[in-house]
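Trainee: Heads up: the sequence shown is residues 1 to 493, going by the UniProt record's numbering.
Keep in mind that the hints were calculated from the coordinates and are not lab data. Hints are not guaranteed to be accurate.
Said to hold, decoys possible - Result set (PhoX-like, lysine-lysine): computed pairs, CA atoms no more than 25 Å apart in a straight line:
id, residue 1, residue 2
1, K31, K492
2, K415, K492
3, K84, K214
4, K31, K84
5, K449, K415
6, K345, K492
Bear in mind that the values here come from a model prediction, so they are computed numbers and not experimental data.
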Amino acid sequence: MNDQPVYTGDSLVLRHFERLSAIPRGSGHEKAISYYVADFARQRNCEVLQDDRHNLIIRKPAAPGYESSPPVIFQGHLDMVCEKNKGTEHDFDRDPIRFRLEGDLLYAQGTTLGGDNGIAVAAAMAIIDTSDMAHPELEILLTTEEETSMGGAFHLDASPLAGRMMINFDSDREGILFVSSAGGINTYHSVPIVWRAVEPSEGEPFTISVQGLKGGHSGDDIIHERGNANKLLGRALDELRRHATFALAGVTGGAKVNAIPREAEAGIYLDAANLTIAEARIAELNAILQGEFQVSDSGVSVTLTPGIDESAHVASAGRVFAEETKALVIRLLALIPSGVLSMDKAIPNLVRTSSNLGVVATSEEEVVMQSLARSSHRSQVYDVLRIMSTLAETAGCQFRQDDYFPGWPYRADSKLRPVCESAYERRFGQPIEIRAIHAGLECGVLIEKMPDLDAVSFGPNLYGIHTPEEHLSISSVERTWDYLQDVLRELKG
Numbered sequence: 001m002n003d004q005p006v007y008t009g010d011s012l013v014l015r016h017f018e019r020l021s022a023i024p025r026g027s028g029h030e031k032a033i034s035y036y037v038a039d040f041a042r043q044r045n046c047e048v049l050q051d052d053r054h055n056l057i058i059r060k061p062a063a064p065g066y067e068s069s070p071p072v073i074f075q076g077h078l079d080m081v082c083e084k085n086k087g088t089e090h091d092f093d094r095d096p097i098r099f100r101l102e103g104d105l106l107y108a109q110g111t112t113l114g115g116d117n118g119i120a121v122a123a124a125m126a127i128i129d130t131s132d133m134a135h136p137e138l139e140i141l142l143t144t145e146e147e148t149s150m151g152g153a154f155h156l157d158a159s160p161l162a163g164r165m166m167i168n169f170d171s172d173r174e175g176i177l178f179v180s181s182a183g184g185i186n187t188y189h190s191v192p193i194v195w196r197a198v199e200p201s202e203g204e205p206f207t208i209s210v211q212g213l214k215g216g217h218s219g220d221d222i223i224h225e226r227g228n229a230n231k232l233l234g235r236a237l238d239e240l241r242r243h244a245t246f247a248l249a250g251v252t253g254g255a256k257v258n259a260i261p262r263e264a265e266a267g268i269y270l271d272a273a274n275l276t277i278a279e280a281r282i283a284e285l286n287a288i289l290q291g292e293f294q295v296s297d298s299g300v301s302v303t304l305t306p307g308i309d310e311s312a313h314v315a316s317a318g319r320v321f322a323e324e325t326k327a328l329v330i331r332l333l334a335l336i337p338s339g340v341l342s343m344d345k346a347i348p349n350l351v352r353t354s355s356n357l358g359v360v361a362t363s364e365e366e367v368v369m370q371s372l373a374r375s376s377h378r379s380q381v382y383d384v385l386r387i388m389s390t391l392a393e394t395a396g397c398q399f400r401q402d403d404y405f406p407g408w409p410y411r412a413d414s415k416l417r418p419v420c421e422s423a424y425e426r427r428f429g430q431p432i433e434i435r436a437i438h439a440g441l442e443c444g445v446l447i448e449k450m451p452d453l454d455a456v457s458f459g460p461n462l463y464g465i466h467t468p469e470e471h472l473s474i475s476s477v478e479r480t481w482d483y484l485q486d487v488l489r490e491l492k493g
């Protein structure tokens, strides 16, 4: 538990959220949270299935009067994105999430909050913990590694699941019912590093930093056309190489491929004459970017400061990239496509295809640039993949890709969607908005395993997900919990 709990209200969901937030649960490290939830469920006489990926299937028997109703799957994921602000001391493998309350809004202290998707886990625990709720038999499915590879869902044995209606609780806007999502694929451009010793005539070490960006979810927030720190760093380096001579010691930016990178930096060496040129060019670019991003990212800044953080660039004193390595790294940063690539012509304000250059990392052996391409059309994901691989062939670097994660197609004959629509209108007196989402949801992976699965996705208001500005609305969590109970009550067959 946090030393000083900040939530003292009546919401059972948020009380469980506070408790589970004391347990580290970054992607790939879900063992502890999986056992915590499993033990919690067993103590309340629920059947629990746990696989070697720490996925959970928890069965709660039907409430009285619902014994003949078809079972319903309630689904979310156990892991969270682990991002923190520079200067924030937090070990995501050991430390609890520390809360900060501002009125109706719950934040973490300099880190991601984990509402994505800890709210689904907390709601599942509230369902298990509530004895007087009307509902069919529930199969609570909580998966792992959703934020990185959807590995839990991909490796899940779905045969124990009898339900063919599924409520995914991994959406972040109240009043919206999502009925379709994008598919995608991770790609990697790798540049083998040839190191050389820096010459005394090449001057002193400096760092070019891109900071002050909002970032956000690389699917849901890509439409806002916020600045991508990795791309802006590439722009700065490409601009600098055209006017000044410098040596490049390393590049780094972003932490998660599904988050728009907020910060990036490069270590360089400059002599006195080229320092003057570089300072003028960086100052000019800084002013240009502040104009370009005045609306979407007004805090953007590009700076040139003395010194290099050697740990960030794996750069021992006096070691830099050979010229061919430097040139290839800068060209790739400039050329790898990133941002909105096309809009859907049938659904207003829906991105159809995008790519996000999410992570740039320097190791002893190579510089790796990781991107995530998304589209509601599988063919367009593979078209972006073709462009990425062609770029690698042309540039002469290494290229690889992960497996495609499938999109979630719209189902015109859904029986679950009308129930959700009518329940919402009865409770709130207005229709729920039906939308598709450009982000990837596990619905697509699970529907490939269960082709007759009828799914919807909804959730409470979450803001700034995948960034340290992530926060949730307490009142929205409470309203959405009431709405979820309404939907379950009406699923009486």
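Trainee: Hints the structure violates: just list their numbers, smallest first.
Mentor: Checked against the structure, the hints that fail are numbers 1, 6, while the rest are satisfied.
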